[in-house]
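S.K.: Sequence:
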Amino acid sequence: MEKKKRGMSITAKQKTAGWLFLTPATVLLVIMSFYPIIQAVFTSFKTGSSANMQWANPLTYNYSRMFADTIFQTAMKNTFLYLIIQVPIMLVLAMLLAQLLNNKDLKFKGFFRTCVFLPCATSLVSYSLIFKSLFATQGLINTILVKLGIFAENYNFLGTPTSAKVIIILALLWRWTGYNMVFFLAGLQNIEYSVYEAAKIDGASSWQTFWHITVPLLKPTIVMTAIMSINGTLQLFDESVNLTSGGPANATITMSHYIYNNSFGNGVANFGYASALSFIVFIFVAVLAFINMKVGDTRD
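Number 46 in the working numbering belongs to position 46 of the sequence shown; there are no gaps in the numbering.
Hints may be right or wrong, so weigh each one.
[Claimed, not checked] Derived lysine-lysine pairs resembling BS3-like cross-links, with alpha carbons at most 25 Å apart:
hint	residue 1	residue 2
1	Lys294	Lys219
2	Lys147	Lys132
3	Lys219	Lys200
4	Lys200	Lys104
It should be emphasised that the hints constitute simulated quantities derived from the structure, not laboratory data.
Values in this document were obtained by computation on a predicted structure and should not be read as measured data.
Take these sequences, add in the hints, and give me the full structure.
M.R.: Here it is in C-alpha coordinates:
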(Lines of atoms letter the chains of each structure in order from A and count residues from 1; the text may use other names and numbers.)
(Lines give C-alpha, C1' and ligand atoms only; values in the text may rest on other atoms or scores of the structure.)
Protein backbone atom coordinates (compact mmCIF):
# COMPACT_ATOMS: atom_id res chain seq x y z
CA MET A 1 0.00 0.00 0.00
CA GLU A 2 1.48 3.28 -1.08
CA LYS A 3 1.95 5.88 1.57
CA LYS A 4 -0.12 8.99 1.07
CA LYS A 5 1.90 12.10 0.52
CA ARG A 6 1.50 14.37 3.43
CA GLY A 7 1.38 18.12 3.01
CA MET A 8 -0.86 21.13 2.85
CA SER A 9 -3.93 20.91 0.70
CA ILE A 10 -4.49 23.39 -2.11
CA THR A 11 -7.15 25.20 -0.03
CA ALA A 12 -4.80 25.50 2.94
CA LYS A 13 -2.03 26.82 0.69
CA GLN A 14 -4.39 29.41 -0.79
CA LYS A 15 -5.46 30.55 2.69
CA THR A 16 -1.85 30.78 3.83
CA ALA A 17 -0.88 32.77 0.74
CA GLY A 18 -3.85 35.07 1.30
CA TRP A 19 -2.80 35.80 4.89
CA LEU A 20 0.79 36.38 3.80
CA PHE A 21 -0.38 39.00 1.28
CA LEU A 22 -2.69 40.62 3.86
CA THR A 23 -0.12 40.75 6.67
CA PRO A 24 1.91 43.81 5.49
CA ALA A 25 -1.25 45.88 4.91
CA THR A 26 -2.72 44.73 8.24
CA VAL A 27 0.44 45.67 10.14
CA LEU A 28 0.49 49.11 8.50
CA LEU A 29 -3.20 49.66 9.31
CA VAL A 30 -2.64 48.71 12.95
CA ILE A 31 0.39 50.99 13.30
CA MET A 32 -0.86 53.94 11.24
CA SER A 33 -4.60 53.85 12.01
CA PHE A 34 -5.79 51.68 14.90
CA TYR A 35 -2.98 52.54 17.33
CA PRO A 36 -3.45 56.34 16.85
CA ILE A 37 -7.23 55.90 17.30
CA ILE A 38 -6.70 54.08 20.61
CA GLN A 39 -4.22 56.74 21.71
CA ALA A 40 -6.73 59.46 20.77
CA VAL A 41 -9.35 57.78 22.98
CA PHE A 42 -7.00 58.03 25.98
CA THR A 43 -6.01 61.59 25.02
CA SER A 44 -9.66 62.69 24.98
CA PHE A 45 -9.79 62.04 28.74
CA LYS A 46 -6.76 64.24 29.45
CA THR A 47 -6.21 67.98 29.86
CA GLY A 48 -3.25 70.32 29.71
CA SER A 49 -0.74 71.28 27.03
CA SER A 50 0.93 68.68 24.87
CA ALA A 51 4.07 68.70 27.04
CA ASN A 52 2.21 68.36 30.34
CA MET A 53 -0.95 66.30 29.88
CA GLN A 54 -2.71 64.65 32.82
CA TRP A 55 -5.97 62.83 33.41
CA ALA A 56 -8.95 65.18 33.59
CA ASN A 57 -10.93 65.55 36.77
CA PRO A 58 -13.63 64.41 36.14
CA LEU A 59 -12.63 62.15 33.23
CA THR A 60 -15.57 63.38 31.12
CA TYR A 61 -14.49 67.03 31.46
CA ASN A 62 -13.62 67.47 27.76
CA TYR A 63 -16.93 65.93 26.67
CA SER A 64 -19.04 68.01 29.08
CA ARG A 65 -17.11 71.15 28.16
CA MET A 66 -18.38 71.15 24.60
CA PHE A 67 -22.00 71.62 25.74
CA ALA A 68 -21.03 75.09 26.99
CA ASP A 69 -18.70 75.86 24.07
CA THR A 70 -20.56 78.39 21.90
CA ILE A 71 -17.93 78.29 19.13
CA PHE A 72 -18.24 74.52 18.78
CA GLN A 73 -22.03 74.83 18.71
CA THR A 74 -21.71 77.44 15.95
CA ALA A 75 -19.30 75.16 14.07
CA MET A 76 -21.74 72.26 14.40
CA LYS A 77 -24.66 74.37 13.13
CA ASN A 78 -22.60 75.61 10.17
CA THR A 79 -21.46 72.09 9.24
CA PHE A 80 -24.99 70.70 9.32
CA LEU A 81 -26.26 73.71 7.35
CA TYR A 82 -23.74 72.92 4.59
CA LEU A 83 -24.76 69.26 4.80
CA ILE A 84 -28.52 69.84 4.58
CA ILE A 85 -28.31 72.32 1.69
CA GLN A 86 -25.32 71.20 -0.35
CA VAL A 87 -25.53 67.39 -0.34
CA PRO A 88 -29.10 67.02 -1.74
CA ILE A 89 -28.51 69.69 -4.41
CA MET A 90 -25.20 68.13 -5.40
CA LEU A 91 -26.56 64.59 -5.67
CA VAL A 92 -29.61 65.70 -7.69
CA LEU A 93 -27.39 67.72 -10.07
CA ALA A 94 -24.95 64.81 -10.40
CA MET A 95 -27.78 62.39 -11.22
CA LEU A 96 -29.34 64.73 -13.78
CA LEU A 97 -25.99 65.39 -15.46
CA ALA A 98 -25.25 61.66 -15.56
CA GLN A 99 -28.66 61.01 -17.12
CA LEU A 100 -28.04 63.71 -19.71
CA LEU A 101 -24.51 62.55 -20.56
CA ASN A 102 -25.60 58.91 -20.76
CA ASN A 103 -27.75 59.64 -23.80
CA LYS A 104 -26.44 57.43 -26.60
CA ASP A 105 -27.46 60.01 -29.23
CA LEU A 106 -25.52 62.87 -27.60
CA LYS A 107 -22.48 63.98 -29.57
CA PHE A 108 -19.13 64.83 -27.93
CA LYS A 109 -20.13 62.93 -24.78
CA GLY A 110 -16.51 62.37 -23.82
CA PHE A 111 -15.75 66.08 -24.03
CA PHE A 112 -18.73 67.10 -21.87
CA ARG A 113 -18.01 64.38 -19.30
CA THR A 114 -14.41 65.58 -19.04
CA CYS A 115 -15.52 69.20 -18.60
CA VAL A 116 -17.90 68.28 -15.75
CA PHE A 117 -15.31 66.07 -14.07
CA LEU A 118 -12.34 68.47 -14.43
CA PRO A 119 -13.04 70.42 -11.19
CA CYS A 120 -12.34 67.19 -9.26
CA ALA A 121 -8.79 67.23 -10.59
CA THR A 122 -8.23 70.66 -9.03
CA SER A 123 -6.37 70.79 -5.74
CA LEU A 124 -8.60 71.58 -2.73
CA VAL A 125 -6.37 74.49 -1.72
CA SER A 126 -6.09 75.80 -5.30
CA TYR A 127 -9.81 75.88 -6.00
CA SER A 128 -10.53 77.49 -2.61
CA LEU A 129 -8.05 80.26 -3.40
CA ILE A 130 -9.57 80.69 -6.87
CA PHE A 131 -13.04 81.18 -5.39
CA LYS A 132 -11.58 83.53 -2.79
CA SER A 133 -10.05 85.73 -5.50
CA LEU A 134 -13.21 85.60 -7.64
CA PHE A 135 -15.45 86.78 -4.79
CA ALA A 136 -12.98 89.24 -3.25
CA THR A 137 -14.14 92.83 -2.77
CA GLN A 138 -12.09 93.86 -5.80
CA GLY A 139 -12.53 90.51 -7.54
CA LEU A 140 -13.95 89.52 -10.92
CA ILE A 141 -17.51 88.84 -9.71
CA ASN A 142 -17.79 92.27 -8.06
CA THR A 143 -16.36 93.95 -11.17
CA ILE A 144 -18.92 92.26 -13.45
CA LEU A 145 -21.88 92.94 -11.14
CA VAL A 146 -20.98 96.63 -10.76
CA LYS A 147 -20.46 97.10 -14.51
CA LEU A 148 -23.80 95.43 -15.23
CA GLY A 149 -25.46 97.83 -12.78
CA ILE A 150 -26.69 95.04 -10.47
CA PHE A 151 -24.63 96.42 -7.57
CA ALA A 152 -23.98 100.13 -7.02
CA GLU A 153 -20.65 99.37 -5.35
CA ASN A 154 -18.42 96.42 -4.54
CA TYR A 155 -19.94 93.96 -2.06
CA ASN A 156 -17.95 92.18 0.63
CA PHE A 157 -19.10 88.62 -0.15
CA LEU A 158 -16.60 86.90 2.13
CA GLY A 159 -17.07 89.41 4.96
CA THR A 160 -20.83 88.91 5.30
CA PRO A 161 -21.97 85.74 7.14
CA THR A 162 -24.83 84.75 4.81
CA SER A 163 -23.03 85.38 1.52
CA ALA A 164 -19.85 83.72 2.82
CA LYS A 165 -21.82 80.53 3.58
CA VAL A 166 -23.44 80.67 0.14
CA ILE A 167 -20.01 80.92 -1.52
CA ILE A 168 -18.75 77.90 0.44
CA ILE A 169 -21.80 75.93 -0.74
CA LEU A 170 -21.25 77.07 -4.35
CA ALA A 171 -17.59 76.05 -4.14
CA LEU A 172 -18.53 72.61 -2.83
CA LEU A 173 -21.08 72.14 -5.61
CA TRP A 174 -18.54 73.15 -8.27
CA ARG A 175 -15.84 70.85 -6.87
CA TRP A 176 -17.78 67.67 -6.05
CA THR A 177 -20.77 67.44 -8.43
CA GLY A 178 -18.67 65.97 -11.24
CA TYR A 179 -17.10 63.49 -8.85
CA ASN A 180 -20.49 62.06 -7.90
CA MET A 181 -21.66 62.22 -11.51
CA VAL A 182 -19.06 59.60 -12.43
CA PHE A 183 -20.61 57.11 -9.97
CA PHE A 184 -24.11 57.73 -11.30
CA LEU A 185 -22.84 57.43 -14.86
CA ALA A 186 -21.29 54.05 -14.04
CA GLY A 187 -24.57 52.96 -12.45
CA LEU A 188 -26.59 54.05 -15.48
CA GLN A 189 -24.32 52.17 -17.86
CA ASN A 190 -25.06 48.97 -15.93
CA ILE A 191 -28.78 49.34 -16.66
CA GLU A 192 -29.86 47.44 -19.76
CA TYR A 193 -31.12 49.82 -22.47
CA SER A 194 -33.89 47.32 -23.28
CA VAL A 195 -35.57 48.31 -19.99
CA TYR A 196 -35.97 51.87 -21.27
CA GLU A 197 -37.17 50.65 -24.66
CA ALA A 198 -39.84 48.52 -22.97
CA ALA A 199 -40.98 51.52 -20.91
CA LYS A 200 -41.15 53.65 -24.07
CA ILE A 201 -43.28 51.01 -25.82
CA ASP A 202 -45.61 50.97 -22.81
CA GLY A 203 -46.11 54.73 -23.22
CA ALA A 204 -44.11 55.92 -20.20
CA SER A 205 -43.02 59.56 -20.29
CA SER A 206 -39.41 60.64 -19.73
CA TRP A 207 -40.23 61.67 -16.14
CA GLN A 208 -42.03 58.38 -15.40
CA THR A 209 -39.11 56.42 -16.84
CA PHE A 210 -36.63 58.39 -14.75
CA TRP A 211 -38.63 58.20 -11.49
CA HIS A 212 -39.88 54.62 -11.70
CA ILE A 213 -36.96 52.91 -13.47
CA THR A 214 -33.74 54.93 -13.21
CA VAL A 215 -34.01 56.03 -9.58
CA PRO A 216 -34.92 52.58 -8.13
CA LEU A 217 -32.16 50.86 -10.11
CA LEU A 218 -29.66 53.51 -8.97
CA LYS A 219 -30.58 53.12 -5.29
CA PRO A 220 -27.31 51.40 -4.28
CA THR A 221 -25.32 54.16 -6.03
CA ILE A 222 -27.45 56.86 -4.41
CA VAL A 223 -26.84 55.38 -0.96
CA MET A 224 -23.09 55.08 -1.58
CA THR A 225 -22.70 58.66 -2.86
CA ALA A 226 -24.90 59.98 -0.03
CA ILE A 227 -22.73 58.27 2.60
CA MET A 228 -19.52 59.56 0.99
CA SER A 229 -20.90 63.09 0.64
CA ILE A 230 -22.18 63.20 4.22
CA ASN A 231 -18.86 61.86 5.48
CA GLY A 232 -16.93 64.46 3.49
CA THR A 233 -19.16 67.38 4.49
CA LEU A 234 -19.02 66.54 8.20
CA GLN A 235 -15.22 66.66 7.90
CA LEU A 236 -15.24 69.86 5.83
CA PHE A 237 -11.98 71.74 6.38
CA ASP A 238 -10.22 73.25 3.35
CA GLU A 239 -13.04 75.57 2.28
CA SER A 240 -13.53 76.99 5.76
CA VAL A 241 -9.79 77.54 6.26
CA ASN A 242 -8.80 78.82 2.81
CA LEU A 243 -11.94 80.66 1.70
CA THR A 244 -13.10 82.51 4.80
CA SER A 245 -10.66 81.50 7.59
CA GLY A 246 -13.80 80.59 9.52
CA GLY A 247 -14.97 84.21 9.54
CA PRO A 248 -16.40 86.64 9.80
CA ALA A 249 -16.39 86.12 13.61
CA ASN A 250 -16.57 82.29 13.28
CA ALA A 251 -19.74 82.59 11.17
CA THR A 252 -18.53 79.98 8.66
CA ILE A 253 -16.24 77.82 10.81
CA THR A 254 -16.71 74.04 10.58
CA MET A 255 -16.17 71.31 13.16
CA SER A 256 -12.93 70.09 11.58
CA HIS A 257 -11.64 73.65 11.37
CA TYR A 258 -12.40 74.17 15.06
CA ILE A 259 -10.66 70.88 15.94
CA TYR A 260 -7.60 72.08 14.01
CA ASN A 261 -7.67 75.41 15.86
CA ASN A 262 -7.67 73.61 19.20
CA SER A 263 -4.83 71.34 18.12
CA PHE A 264 -2.50 73.73 16.30
CA GLY A 265 -4.11 77.09 15.58
CA ASN A 266 -4.61 78.81 18.94
CA GLY A 267 -1.08 78.89 20.30
CA VAL A 268 -1.54 76.23 23.02
CA ALA A 269 -2.06 72.70 21.68
CA ASN A 270 -5.18 71.45 23.45
CA PHE A 271 -5.01 67.89 22.15
CA GLY A 272 -7.33 66.49 24.83
CA TYR A 273 -10.27 68.68 23.91
CA ALA A 274 -9.53 68.32 20.19
CA SER A 275 -9.58 64.51 20.53
CA ALA A 276 -12.94 64.64 22.30
CA LEU A 277 -14.36 66.84 19.53
CA SER A 278 -13.01 64.41 16.92
CA PHE A 279 -14.92 61.52 18.47
CA ILE A 280 -18.13 63.55 18.38
CA VAL A 281 -17.61 64.05 14.63
CA PHE A 282 -16.92 60.30 14.32
CA ILE A 283 -20.23 59.53 16.08
CA PHE A 284 -22.12 61.88 13.73
CA VAL A 285 -20.53 60.21 10.68
CA ALA A 286 -21.25 56.69 11.97
CA VAL A 287 -24.88 57.43 12.91
CA LEU A 288 -25.73 59.14 9.60
CA ALA A 289 -23.97 56.40 7.60
CA PHE A 290 -25.95 53.76 9.51
CA ILE A 291 -29.23 55.59 8.80
CA ASN A 292 -28.35 55.82 5.10
CA MET A 293 -27.54 52.12 4.93
CA LYS A 294 -30.80 51.21 6.64
CA VAL A 295 -32.82 53.43 4.34
CA GLY A 296 -31.08 51.96 1.29
CA ASP A 297 -31.38 48.34 2.44
CA THR A 298 -33.94 46.67 0.16
CA ARG A 299 -33.76 43.26 1.80
CA ASP A 300 -36.82 41.93 3.65
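S.K.: Could you run down the list of hints and mark each one as holding or not?
M.R.: Each hint tested on the structure:
Simply put, Lys294 and Lys219 have alpha-carbon atoms about 12 Å apart, close enough for the 25 Å limit, and the pair holds. Note on Lys147 and Lys132: the hinted pairing holds, with a Cα-Cα distance of about 20 Å set against a maximum of 25 Å. The hinted pair formed by Lys219 and Lys200 meets the criterion: a straight-line CA distance of about 22 Å does not exceed 25 Å. Distance restraint check for Lys200 and Lys104: the Cα-Cα separation of roughly 15 Å lies within the 25 Å cut-off, and the hinted pair is therefore satisfied.
Of the numbered hints stated above, none is contradicted by the structure.
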